[in-house]
Amino acid sequence: MTQPNPRRPEITPRERLATMVRTSRGDMTVWSAPEVQDALDAYQAAVLLEAADSLDESETLRDLTDDHMHDVNAAADELRRMAEEARS
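What the sequence shown shows, in the working numbering, is residues -19 to 68, in sequence order.
These are calculated hints, taken from the structure and not from any lab test.
Model, not experiment: these values are computed from the prediction.
Among these hints, one or two may not hold up.
What the hints assert, rightly or not - Just the calculated beta-carbon pair ranges, DEER-fashion:
hint, residue 1, residue 2, range
1, 10, 39, 40 to 48 Å
2, 40, 12, 36 to 44 Å
3, -5, 53, 28 to 36 Å
4, 12, 34, 27 to 35 Å
5, 61, 15, 21 to 29 Å
The beta-carbon is built from N, C-alpha and C at its ideal position, and this holds for glycine as well.
Go ahead and model the full structure; you've got the sequences and the hints to work with.
Written out as structure tokens, the structure is:
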């Protein structure tokens, strides 16, 4: 793992991906900033939905809860809500 550079503030994974689409010609990008933002939002939504589905299907979590999966289902529902928010 790389050490943080004290002279350069850390950037978020989203910011890092957004800068990765830049070309060698400076600030000119292959895609417009809104297109990059939309693609990142769509990817975030897909990851959240995948996480929610994984929670729903987890046998390990089923074994850990006494409340018939209520807590796990609530967590999965929250991930789905977050995914919907990321899409809009």
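**Message:** Taking 21 to 29 Å as the stated bounds, is the beta-carbon spacing between residue 61 and residue 15 within them?
**Reply:** Roughly 25 Å apart at Cβ, these two residues keep to the hinted range, so it holds.
**Request:** Hint says 27 to 35 Å; check whether the CB-CB distance for residue 12 and residue 34 agrees.
**Result:** Holds: the Cβ-Cβ distance is about 33 Å, inside 27 to 35 Å.
**Item:** Status of the given 36 to 44 Å range, CB of residue 12 versus CB of residue 40
**Value:** At 43 Å between Cβs, range holds.
**Prompt:** Is 40 to 48 Å a correct range for the gap between the Cβ atoms of residue 10 and residue 39?
**Reply:** Holds, since residue 10 and residue 39 (Cβ atoms, about 43 Å apart) stay within the stated range.
**Prompt:** Is 28 to 36 Å right for how far apart the beta carbons of residue -5 and residue 53 are?
**Reply:** holds, 33 Å
Hint violations for this structure: none, all hints satisfied.
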